[in-house]
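As they're listed, the protein sequences go chains A and B.
Under my numbering, the residues of the first sequence are numbered 17 to 416, in order.
Under my numbering, the residues of the second sequence are numbered 1289 to 1521, in order.
Since the hints were made in silico from the structure, they are not lab data.
Remember, it's a predicted structure, so these values are computed and weren't measured experimentally.
A virtual CB, placed ideally from N, CA and C, is assigned to each residue, including glycine.
Treat the hints loosely; a few may be bogus.
As the list claims (entries may be wrong) - Pairwise CB distance ranges (calculated):
{"id": "1", "chain 1": "A", "residue 1": "Val308", "chain 2": "B", "residue 2": "Asn1290", "range": "44 to 50 Å"}
{"id": "2", "chain 1": "B", "residue 1": "Glu1346", "chain 2": "A", "residue 2": "Leu404", "range": "20 to 26 Å"}
{"id": "3", "chain 1": "B", "residue 1": "Gly1404", "chain 2": "A", "residue 2": "Val384", "range": "33 to 39 Å"}
{"id": "4", "chain 1": "A", "residue 1": "Ser34", "chain 2": "B", "residue 2": "Ser1330", "range": "40 to 46 Å"}
{"id": "5", "chain 1": "A", "residue 1": "Val308", "chain 2": "B", "residue 2": "Ser1298", "range": "51 to 57 Å"}
{"id": "6", "chain 1": "A", "residue 1": "Leu395", "chain 2": "B", "residue 2": "Thr1306", "range": "38 to 44 Å"}
{"id": "7", "chain 1": "A", "residue 1": "Leu379", "chain 2": "B", "residue 2": "Ser1430", "range": "28 to 34 Å"}
{"id": "8", "chain 1": "A", "residue 1": "Thr366", "chain 2": "B", "residue 2": "Ser1430", "range": "35 to 41 Å"}
{"id": "9", "chain 1": "A", "residue 1": "Leu404", "chain 2": "B", "residue 2": "Ala1467", "range": "39 to 45 Å"}
Each chain, letter by letter, is given below.
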Amino acid sequence: MISLAGRDIAHSRGKFFSTGVGLGLLIAVTLSMAGIYRGMVDDAMVLLDNSGADLWAVQKDTLGPYAEPSSVRDDLYRGLLSVPGVARAANATYLTMQVRVGGRDVRSMVVGIEPGASMAPGQPRYLVAGRHITRGHYEAVADAASGFALGDKLRIRRDEYKVVGLTRRMVSSNGDPMVFIPLKDAQRAQFRKDSDALWQERRRAGADPERTAAGQVRSAENFKAEQAANPYVNAVLVQLRPGADPDQVANHIRRWHRLQVFTRAEMEKILVGKMIATSARQIAMFLVILAVVSAAIVAFIIYTLTTGKIREIAVLKLIGTRNRTIVGMILQQAVALGLIGFFVGKIVATLWAPVFPKYVLLLHGDAVRGLIATILICLLASVISIRLALRVDPAEAIGG
Amino acid sequence: MNGIEIEEISKRYGEGPTAVEALTSVSLRVAKGEVVGLVGPSGSGKTTLLKCLGAVIEPTRGRMAIGGETIYENAWKIGDLRALRRDRIGFVFQAPYLIPFLDVTDNVALIPMLAGVGNAEARRRAIEVLEVLDVAHRRNASPSRLSGGEQQRVSIARALVARPPVILADEPTAPLDSARALTVIKILNDMAKQFDTAVIVVTHDEKIIPTFRRIYHIRDGRAHEEVRDEASV
Chain A
17 MISLAGRDIA
27 HSRGKFFSTG
37 VGLGLLIAVT
47 LSMAGIYRGM
57 VDDAMVLLDN
67 SGADLWAVQK
77 DTLGPYAEPS
87 SVRDDLYRGL
97 LSVPGVARAA
107 NATYLTMQVR
117 VGGRDVRSMV
127 VGIEPGASMA
137 PGQPRYLVAG
147 RHITRGHYEA
157 VADAASGFAL
167 GDKLRIRRDE
177 YKVVGLTRRM
187 VSSNGDPMVF
197 IPLKDAQRAQ
207 FRKDSDALWQ
217 ERRRAGADPE
227 RTAAGQVRSA
237 ENFKAEQAAN
247 PYVNAVLVQL
257 RPGADPDQVA
267 NHIRRWHRLQ
277 VFTRAEMEKI
287 LVGKMIATSA
297 RQIAMFLVIL
307 AVVSAAIVAF
317 IIYTLTTGKI
327 REIAVLKLIG
337 TRNRTIVGMI
347 LQQAVALGLI
357 GFFVGKIVAT
367 LWAPVFPKYV
377 LLLHGDAVRG
387 LIATILICLL
397 ASVISIRLAL
407 RVDPAEAIGG
Chain B
1289 MNGIEIEEIS
1299 KRYGEGPTAV
1309 EALTSVSLRV
1319 AKGEVVGLVG
1329 PSGSGKTTLL
1339 KCLGAVIEPT
1349 RGRMAIGGET
1359 IYENAWKIGD
1369 LRALRRDRIG
1379 FVFQAPYLIP
1389 FLDVTDNVAL
1399 IPMLAGVGNA
1409 EARRRAIEVL
1419 EVLDVAHRRN
1429 ASPSRLSGGE
1439 QQRVSIARAL
1449 VARPPVILAD
1459 EPTAPLDSAR
1469 ALTVIKILND
1479 MAKQFDTAVI
1489 VVTHDEKIIP
1499 TFRRIYHIRD
1509 GRAHEEVRDE
1519 ASV
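The following block holds chain B by itself, in its conformation from the complex (with noise of 0.2 Å):
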């Protein structure tokens, strides 16, 4: 186990009348070399959800726990939800907002630098990641050089280079086709099992949902999982 788990968590915006209960009561947890979709409408609470999980904005109340350790009961318990993000928690966006001005080593190997790694050893750290996605043959090209299905291979490896507990996909495959689409899923699948990490992918992408053997639905704040036998990725 040890990915990420989730228990009672909710999130209230504004006070009084005026008050917005954009999650209630939700509780998830996936496992390390698991892939689970969290699918749900516009304005279902997913993108709030995601960023509660992100510790980008605090929940009202509840458990978050990752990699095994509570970092969220009610108040944060990390102070540095910055070393938090960086160091165990692996973003993957729906564009791939990869850094114009860095070359795709650089990109990838900037966390862990920003961790205190040496620059040598972040370069080493990052190719291997790179290789594994096969793009290493692009380490030295600036992003905009890259066609979009290595672009999003490369912000993929930005994700895995600190070797997270857990990936948060953002809408990865909202600008691909079905062939691209499936191609990063598949993608996400060999990481999460080859890095032993627990991946997260919000979607409403109905053609790459029937690939989840799990799926959390959110409707209304609340979320509902569904398990299915078989996925067909």
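Next comes chain A alone, as it looks inside the complex (with noise of 0.2 Å):
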């Protein structure tokens, strides 16, 4: 027996391909946004694989560094050295903000490291080109996916800080691309106040310069170092000696330095299940949405194409087909649509994935289940095509 559903779609082959093309692009948009659902999770992903840290040791009470502010002294690492199964600790500052070069300002997570020490949690990895920050200050080490390239002068804040080394895949959970900058650098960058603030403190400090806004006696000096210093940072990374047992420690530092401690776990759930939650509910709806307009649009199609075929079906019909025949042709081109729009809007989801200003990360796993998905919308869509064709008369073909 020869294929229905196959000579028809061969006879209006234009009609049929770009209806699929027209779907494709549809599917396109479906595979991009689960696409981009799954690379916010690997960007949080790869920001706490790319740290080299085991635990986050934080303010108390607060979710830091990435989903709240926290701040905590930058002393308090040496203590947690002493902590058995701690292998290395170190201090990190996280600050979003616009980080400009040129004429041109980047949405950036500026991360202040120790500079020197490459092998501490928190530096930045794979480097691509340049090297690591050596010198105390005004050295940057930049993600590519920030455009800057060697050599470039970064202005952050007041100061300008030279690009020395490139990395590739240091994003933050929002995939802002990460610009390192010496440490000392960054906790003055993240309270640096402008210069009419700086003249409002001195004036108030200048009424009664021994005395701080909670009355207590400083020297003058104090007063100055205040002013110049900040001994503060957002967490401390801390990575752990082999066979050390994470939570173990976790708790050992949450009770004898009363901070708050992540362990790597704890951290996915607070990046991925609190930071991009909001998100991925918005991404679910959207796949929703266009789950059920793909399906109104496949079953539109499909009905077109059997309402415009309602004197061939009773034909058929009179002339011995049996409905499982004409079934199997709709349910056929169904498939068939289904194909087509699901391998177009593949290809071009493969193609326009890199333009996108984020990272969208198309997983095999997504594109299996959309093909099923895609396939049963399409089998689904023609439920309503094929009630209309067994409701055909064969008597229509008679009489005119």
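Build the complex from these two chains, which are given one at a time in their own frames, with help from the hints.
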């Protein structure tokens, strides 16, 4: 038996394929939306992976350093180094801001790290060009996604930094490229006041230079030192010795150092379950809407194709064609349309994924799930057309 | 004989006071090799009779036999009406109604294919009939590329390919001019003899009525036979 669906598709291939391409663009959007979500999760995982940390020690009762502001003294890391199971500990600051270079600025996550400690947690990994930060001030390592080049002069607050190294896949959970600068510079940049604020502070302090806002007595030297330094960081990143139990070490730090400590698993929950949860729900809504729209379009197309063949279906029934042959024809056309749409969608999504400003991760598993969903949607969408075809009376072919 | 035979066929639509008696005790018989006309004005019941003969609608009562076998006697005697229509009744419609996405050969070969005949054998049978009807040279053409006359020949070939005992032609000349209409009737007469099949032509086309030797006039659901000495075809 010949394939009626195949012959019909071949007969109206222009219309069929152009419809398939249209559906494919819709499927490409759907796959891209899924890819954007996967990219966000991957960015979050990469952020944790690339930090090189096993534990994140942050201010008590906060979800820092990525999800909430956190502030801890920059000398705390010394105490953590003495905790059993801790191999390394390093201060880190995180600040998302506009970094200017030349006439443009780039949304970046500025990370403060200890210079010259390339093995410490929080340091940039995967250098693709240049070197690590070795000097205490005004050097930067930037992620290639920022578009910065070696030798570029970046402006962060009022200071200029020279790009000495480039990394890859060092991004925040929002997908912003990271720019690493020396810790001291980052601490200063984080709390740096503008000239007016400094003047106001000095004016207030000038009224009673020996007392703080809380009324405590202080010396003039102390006041100057307060103005010049910021002894806080956002987090202390901890690397454990091989075989050390992260939960045990975390509990120890929580108990004796009165800090909030997150393990890798807990940090994953914060990043994926809290930080990108709303975006994920938003994307899920889009996916549902796109699935419904796709189903409606396929249903409409198949219905239109079927209504255009009512007379032929009546003739086919009259000359003895079984209902299952006609149902098979409609289903095959729906599936063929879905397959054309899916493969067009997959190709288009793959081609345009690198153009997106944020990382789009197209997983094979998602593609397979997308294919199954597309086929199911097409099959469901053809139900109306099948009902219509089954209702066609062979007598319609007789009597004009 | 053994073409088609019906006795006292009636068809009523609806029930109670609103019921309509579309056919009342209609009897006719057409022998193999014979072409008869079924004529009558619109609403006379000829299309209803054709649908009953084609096993598309069920009569209310009576008896019908095709090829000597009773298929209806106050109820269908055959379970698979699709197979009955496919194997034992050929249909020629007012318009050719060829399947637009199949070429000429497959339009004709579709019927044996539906009956389970292999594609190659079905196409061989189709081409054989197309040759008889002088359209085999268009075997690979799409229906849309055929002339009106060629399309009608292909539709006759489709009706003949299963070698059915009866062919039902529903206004087959309605859209044609006189010359083409007479050509179609001549083809049907020739095929009836060559394929040994009974042909019933439903028509109200005045120009072809003189071509029938036997005519059944349908009026108000009743049939009256008219036999002529000479047919002009």
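Checklist entry - Which earlier hints turn out false for this structure, listed by number in ascending order? => result 1 and 7
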